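S.K.: Mind docking chain R on chain F? Use the hints.
Sequences listed follow chains F and R, in order. The first sequence lines up with residues 1 to 177 when you count with this note's numbering. The second sequence lines up with residues 1 to 639 when you count with this note's numbering.
The hints are simulated quantities; they were obtained by calculation from the structure and are not laboratory data. Take the hints with a grain of salt, since some may be wrong.
[Claimed, not checked] Below, in silico cross-link-like pairs of lysine-lysine (PhoX-like), each with a Cα-Cα straight-line distance of 20 Å or less: (1) F:Lys158 to R:Lys59; (2) F:Lys129 to F:Lys104; (3) R:Lys206 to R:Lys180; (4) F:Lys129 to F:Lys65; (5) R:Lys307 to R:Lys180; (6) F:Lys104 to R:Lys307; (7) R:Lys299 to R:Lys467; (8) R:Lys58 to F:Lys158; (9) R:Lys58 to F:Lys165; (10) R:Lys59 to F:Lys165; (11) R:Lys245 to R:Lys467; (12) R:Lys145 to R:Lys206; (13) R:Lys180 to R:Lys145; (14) R:Lys613 to R:Lys623.
[Said to hold, decoys possible] From chain F, some residues computed to sit far from chain R (all C-beta separations above 12 Å): (15) Leu30; (16) Pro41; (17) Thr69; (18) Met157.
Please read all numbers here as calculations on a predicted model, not as lab measurements. By construction, the Cβ of each residue, glycine as well, lies at the ideal position given by its N, Cα and C atoms.
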Amino acid sequence: MNERPDREAARRRIMFVAGEDFYFLTYTLLVLLRDLGAASPERAFFDSRKLAYLADFLGSDTDLKLAITEAPLSEAARSRLALLYDRAVARRIAVERLVEAIEKRQLIHVAHSSRNADHVHLGHHVEVKRLLESPRYHPETARLRTLRQTVPQLRTMKLGTLKEKLFSTRGVRTWGD
Amino acid sequence: MGRLAIRTVEYFGDLYSFMSPPLPDGLVIIEGGNGTGKTTFADLIFFGLGGTVRQFSKKGMAQHKEIRADSNNGVRLTITIDDKLYTITRRFDDAGDALVASHATEQVEVLPIVRRDGRRVLSDWLLEALGIHVVTLFAGTYGGKLNFADVMRLIYHDQDPDPSRVFKRNDHDNFVSDSKDFRRAIFEILIGRASEDYYDVLGELKLAQVALAERHAALNAYRSAVSRTMRATAKGDDVNAEFLKQELSEREKQLERLEQTRRQLRQTTPNAPAGEASLLEHRRALSSAGRRVADTEQKANAVRTEKIRLRSLEDQLIDEVERIQKIIHAHETLALFSPDTCPCCLRKVDRAKNNCICGQAIDEGAYQRFFYSSEEYVGILKSKQKNVETVRAALAGCDEELVALENSLTKHRADVHAARRDMSRWAGAADGTYTTELERVDDELVQVRVSLERLSERLELELERDKLELQANEARLNVDRLQQRARTLEGAAQEDRDSKVRQFDQLYTSLMRSTLRDVRLARLNSDYEPILNDAEYREASSTVTRRLMYYVTLLQMSLADPTMPFPRFLLVDTPETAGIDVDNLSRAIGKIPEVIGNAAMPAQVILTTGDGKYPEHLRPLRKVILTDSDRLLNARAIL
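In isolation and in its complexed conformation, chain F is listed as follows (with noise of 0.2 Å):
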């Protein structure tokens, strides 16, 4: 009778995966934000879709190198590249719902410019504060800064664009739109 507890809780161990939780989504898109000067609407960030095929570049050194190398990518690393971007694919419904729940909060204020692409940037919240002034978050900082080297203008670029930069041009078919 007391198993079934016990099994779940190890069932649900199982099924987390850290790179599709919400708080990771939520604590990385503040980070690219507030990096990115996000803070007002004429500094917003076009489409945050673009935050699905980020996260995995913000959040990992080894994945980091993937995007910002300009040696040829070897066989096992542009299959590793081809992964994140399928991983990007199915997080961008995640994306979606997010930057509408923690906009309802407040976290984020969200303009809808056209069909597809909104205009995001930060709100005046004392958590967001609490939670980016933290030292934690320093190595998404960093990496973010070492994307920007490669490819700049993160804030404003198209998300297609984006793709290309990331991926396309690095011999990873993309798809998905």
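M.R.: Same frame as chain F, now just chain R:
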């Protein structure tokens, strides 16, 4: 030669569609005002035949608005080649391939547009069906196969902003494939069988010359490798295979004699086998120690590979642990989601105990939650941290195993060293004065065997070199043969070309004189560009007539000569746009049905033109009329 005709043109897509009426032989007029889709009609045909149309491409500034906005769209052409019916379908979203269906055989082929990996492409299919050889053309070191789009440069009279150029612009900005040599070759291939054969042989000759250069390079590389080996083994003695075989045979005889002597000696020398047994023992010891070294090195490499894999796993797990710590921190700071958050809209749901999110009664323990609580996150973190520890323990195990293997390796290497030393000692002892005649014979036997082995190796190398020499010679003979054939064909092609050019000049002059009142003489220069009145005539308004009549002359020639490769088809797009005099244009267009009507063979010319910009008596030849309210991709205007 083959004849091409377009029978229907269909555009399909989610937003727009167009279906032409059946298009007959003879002159077919597509009439319409500016911006109604005349050029799109002509471009759809060109695209369907494998051409590149910049406006249809996903990239570039001047994109075709309707076609790029449409989805699931493409072109379907029904064509006849020598009265055999085919359907070619090419899509815009996947423009890299075309589907060709034969109505007679019901065979369907998917053919790529771009030539890659030697695969047969749509252009090859079209040229083969039309009986035009897919020749390889060369300009300098660049070589490329003839494409149907190249041939279309004298068939598709497009709307060129600069009609003083006779040839349609190249599909791709490639200065080589747009060179004078390429343009001359295209003209010559279209006018004559003899020229086509000549270019065929020229292509073959160029490839044969490349093959000869490769064979020479391979042979030289081999020669130098062999001479290095010879220096190392036989002191640079360069001997051919026949002499080596002779030497080998002499050594074999010598070996046979020595073995016979040895057999006789063994019967009289009692101590001989002891030395042999000792040598065998040393060899066994050396071989066994060597095997142990190899095995241990293999094991050590396997452990190192495992270590690399574990190290990467450790990095991944550490990344994940750090990410979970950040997730926990974000959860504690922001508290955005709880186990009762709706998985669809991420809002908090007030769920009654023992009820599902939708209100259904369930056992509370079976309620499926989509978000994690703080305790669960901590549980996950602990489990991942434990995984890190496990991987680290495995890494430590690998390190221990590696140390043990390194120790064994040192020991096995020492064994090899000792076995070698024993062998040398044994050999040193054997190298002394010959205690018995048997030892001397044995020594000589070893030398002869070694020498035999080296001779066999050299013979093998020499035979391989002979093979390469033979191949290089064959390649040289092939080049000579093709050069001879090219010389023979060049004469015939030149003669054929001269006669065709004379014929062209005659017909072109006649067409130009009856179209432009002040033209007296029209002829081709050495690059097959037209010259009017010996270059004195440069009237700007005549450029379209000059170009259009050039195409019509080619058509006229093909109608008189069934062996000419020109496919008796012309596609002319809105010729009036270059500021031409309207009367001149009307006269020029009027020449087309005359040329076709006077011929014994059928032909098709598709002409798109502005409202009434053609002789009145040709009105019945209109098959599609486009207007502002009935445009090509808005409505289907069928007469």
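S.K.: Taken at face value, is the distance from the CA of F:Lys104 to the CA of F:Lys129 at most 20 Å?
M.R.: holds, 17 Å
S.K.: F:Met157: least C-beta distance to chain R exceeds 12 Å?
M.R.: For F:Met157, whose nearest Cβ neighbour in chain R is about 18 Å away, the distance exceeds 12 Å, so it holds.
S.K.: Run the distance test for F:Lys129 versus F:Lys65: straight-line Cα separation, threshold 20 Å.
M.R.: violated, 29 Å
S.K.: Please verify whether R:Lys58 and F:Lys165 have alpha carbons no more than 20 Å apart.
M.R.: holds, 17 Å
S.K.: Would you check the hint for R:Lys613 and R:Lys623, treating anything up to 20 Å between C-alpha atoms as holding?
M.R.: Roughly 15 Å separates the two Cα atoms, so the pair holds.
S.K.: Keeping to a limit of 20 Å between CA atoms, is the pair of R:Lys58 and F:Lys158 held or broken?
M.R.: Cα-Cα ~16 Å, so holds.
S.K.: Sort out whether R:Lys59 lies within 20 Å of F:Lys158, counting only the CA atoms.
M.R.: The hint holds at about 15 Å.
S.K.: Given the hinted pair F:Lys104 and R:Lys307, is their alpha-carbon gap at most 20 Å?
M.R.: violated, 48 Å
S.K.: Given the hinted pair R:Lys206 and R:Lys180, is their Cα-Cα distance within 20 Å?
M.R.: holds, 19 Å
S.K.: Next pair to validate is R:Lys59 with F:Lys165; report whether the Cα-Cα distance is within 20 Å.
M.R.: With Cα atoms ~16 Å apart, R:Lys59 and F:Lys165 stay inside 20 Å; holds.
S.K.: Does R:Lys467 lie within 20 Å of R:Lys299 when you go C-alpha to C-alpha?
M.R.: Not satisfied, since the Cα-Cα distance of roughly 43 Å exceeds 20 Å.
S.K.: Would the least Cβ to Cβ distance between F:Thr69 and chain R come out above 12 Å?
M.R.: holds, 17 Å
Checked against the numbered hints listed earlier, the structure breaks hints 4, 5, 6, 7 and 15; every other hint is satisfied.
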